[in-house]
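Respectively, the protein sequence lines represent chains A and B. End of the first sequence sits at 886 in the numbering used here; the numbers just go up one at a time, nothing left out. End of the second sequence sits at 386 in the numbering used here; the numbers just go up one at a time, nothing left out.
Don't take each hint at face value.
Stated by the list, open to error - Taking lysine-lysine and the DSBU-like style, the derived pairs with C-alpha atoms no more than 35 Å apart in a straight line are:
1) B:Lys60 / B:Lys228
2) B:Lys385 / A:Lys857
3) B:Lys382 / A:Lys857
4) B:Lys228 / B:Lys128
5) B:Lys385 / A:Lys870
6) B:Lys60 / A:Lys870
Keep in mind that the hints were calculated from the coordinates and are not lab data.
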Amino acid sequence: MTETETLLRAELHRIAPDIEIEDIDRDEELREEFDIDSLDFLNLVTALGKALNTPMPEADYAKMGSFNDMLAYLTQKAT
Amino acid sequence: MPSLGADMEAGTLVEWLKVPGDAVASGDLLAVVETQKGAIEVEVFEEGTLEEYLIEIGKKVPVGTPMAMIRVKGEVVAEKTAAPKAPKPEPAASKPEPTPATSTPTPRLKGDRIRITPAALRLAQSKGIDARTLGDIGTGPDGAFTLADIEAADPSVVSPPAVNPMDGMRAAIAAAMSRSKAEIPHYYLAHAVDLTAAQAFVDQTNANRAPDERLLLGALYLKAVAKALRKYTEFNGHFSDGAFQPASAINPGMAITIRGGGLVAPAIFSADSLDLGGLMSSIRDLAGRVRAGRFRATELSDATITVTSLGERGVDQLFGVIYPPQVAIIGIGTPHLQPFDVNGAVQSRLTTTLTLAADHRASDGHRGALFLRAINKHLQKPEKL
Numbered sequence: 808m809t810e811t812e813t814l815l816r817a818e819l820h821r822i823a824p825d826i827e828i829e830d831i832d833r834d835e836e837l838r839e840e841f842d843i844d845s846l847d848f849l850n851l852v853t854a855l856g857k858a859l860n861t862p863m864p865e866a867d868y869a870k871m872g873s874f875n876d877m878l879a880y881l882t883q884k885a886t
Numbered sequence: 002m003p004s005l006g007a008d009m010e011a012g013t014l015v016e017w018l019k020v021p022g023d024a025v026a027s028g029d030l031l032a033v034v035e036t037q038k039g040a041i042e043v044e045v046f047e048e049g050t051l052e053e054y055l056i057e058i059g060k061k062v063p064v065g066t067p068m069a070m071i072r073v074k075g076e077v078v079a080e081k082t083a084a085p086k087a088p089k090p091e092p093a094a095s096k097p098e099p100t101p102a103t104s105t106p107t108p109r110l111k112g113d114r115i116r117i118t119p120a121a122l123r124l125a126q127s128k129g130i131d132a133r134t135l136g137d138i139g140t141g142p143d144g145a146f147t148l149a150d151i152e153a154a155d156p157s158v159v160s161p162p163a164v165n166p167m168d169g170m171r172a173a174i175a176a177a178m179s180r181s182k183a184e185i186p187h188y189y190l191a192h193a194v195d196l197t198a199a200q201a202f203v204d205q206t207n208a209n210r211a212p213d214e215r216l217l218l219g220a221l222y223l224k225a226v227a228k229a230l231r232k233y234t235e236f237n238g239h240f241s242d243g244a245f246q247p248a249s250a251i252n253p254g255m256a257i258t259i260r261g262g263g264l265v266a267p268a269i270f271s272a273d274s275l276d277l278g279g280l281m282s283s284i285r286d287l288a289g290r291v292r293a294g295r296f297r298a299t300e301l302s303d304a305t306i307t308v309t310s311l312g313e314r315g316v317d318q319l320f321g322v323i324y325p326p327q328v329a330i331i332g333i334g335t336p337h338l339q340p341f342d343v344n345g346a347v348q349s350r351l352t353t354t355l356t357l358a359a360d361h362r363a364s365d366g367h368r369g370a371l372f373l374r375a376i377n378k379h380l381q382k383p384e385k386l
């Protein structure tokens, strides 16, 4: 597992500790899979942006739809 | 024979606690029944006179079998059968279920003293166990109850697990909402609101902001409600001591869902005097603390109205239940695109439905409608919020 994935998993666990990553569909809408609201999502984006020192603009939210989308987006920003 | 648990099919009558001719009232104990879970007292739920027994002591009968006839006051022909209210769970006896029809020690008759060793009696008294509820025979000589019987009957050890116990959160919601629906004469209003301007303002504001500086529509809702409350004061306060008491501050409670079940609506104090950035900080702080279980009691007690939003993944509208002693709750549905009239032309617009449930003792629908329209007006000028 890459460092980026470890980070994403940890932040999702902090927000949705009742959801196991193994139980979700990684290609489905992240907010649905983890049952997170807009405030949770904003907190997630805030934490990831700080950890990776990247701005996470709202205009890019569409590229952060699923777990896999988000991971790909973060991986690209982290390199 | 009452059902004293979903798995109970039959019960054995071991003792009558009333005799024919006795006056009985709701809550009186009528009989003792032996079940898989131990001896359980059967209550009467009517007022009248016990007319006759319909089954004999020692008889095992299926659930639903009439056990006795009670003549209700004023009734000429007795027709009612005894049935219990929800029985208290009773400790199970340690002995195997007796079958009184065949067991050697005969079941106790009314008035018989139970046999119990002195040590067992002391222990039973100290634990608050009524030995008479343990069945008719113990495991000792001549069917006497022994220390081991009482220990085995200790409710802290052998009580059957309560069926679906309500946790504190569910019990608190149940109590508040039951009280609300029992006491508060709610009236309901709905208003379709165009959120295009509000969303555009949020998008524009957030475009150049770091994530922790960004706004959510929720902050705009709260501010719009808080500003409207300055004029519509009869929706902001508490109904107590038989009258509406307007609040001096505007402290809207924000409904926050708790993962795993339940919700709370702690207050954002003086929300009308905070700017949108300040409101966002308060929202984040409050939501974070609620999820960590660290909000303050005054944040619940000092809320003067509730605002509840379904967020992005909900449905069109919700009609709230007022949180007593508050007198109003504003509901905001999930924003979605739909045809909307804009200056005579139908366009696809981001809309939501704003609802109000309010206490008719404190306000009327006319003012409620004006209140909703005022909130809408504020949402159309987001830059002034």
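Each hint tested on the structure:
The hinted pair formed by Lys60 (chain B) and Lys228 (chain B) fails the criterion: a straight-line CA distance of about 72 Å is larger than 35 Å. Restraint check: the Cα-Cα separation between Lys385 (chain B) and Lys857 (chain A) comes to about 31 Å, which is no more than 35 Å; the hinted pair holds. A C-alpha spacing of about 33 Å is found between Lys382 (chain B) and Lys857 (chain A), which places the hinted pair at or below 35 Å, so the restraint holds. As the CA atoms of Lys228 (chain B) and Lys128 (chain B) are separated by approximately 59 Å, the hinted pair breaks the 35 Å bound.
Proposed proximity of Lys385 (chain B) and Lys870 (chain A) is supported: the alpha carbons are some 32 Å apart, at most 35 Å. Distance hint between Lys60 (chain B) and Lys870 (chain A) is unfulfilled; the C-alpha atoms sit about 72 Å from each other, more than 35 Å.
Comparing the model with each numbered hint stated earlier shows that hints 1, 4 and 6 do not hold.
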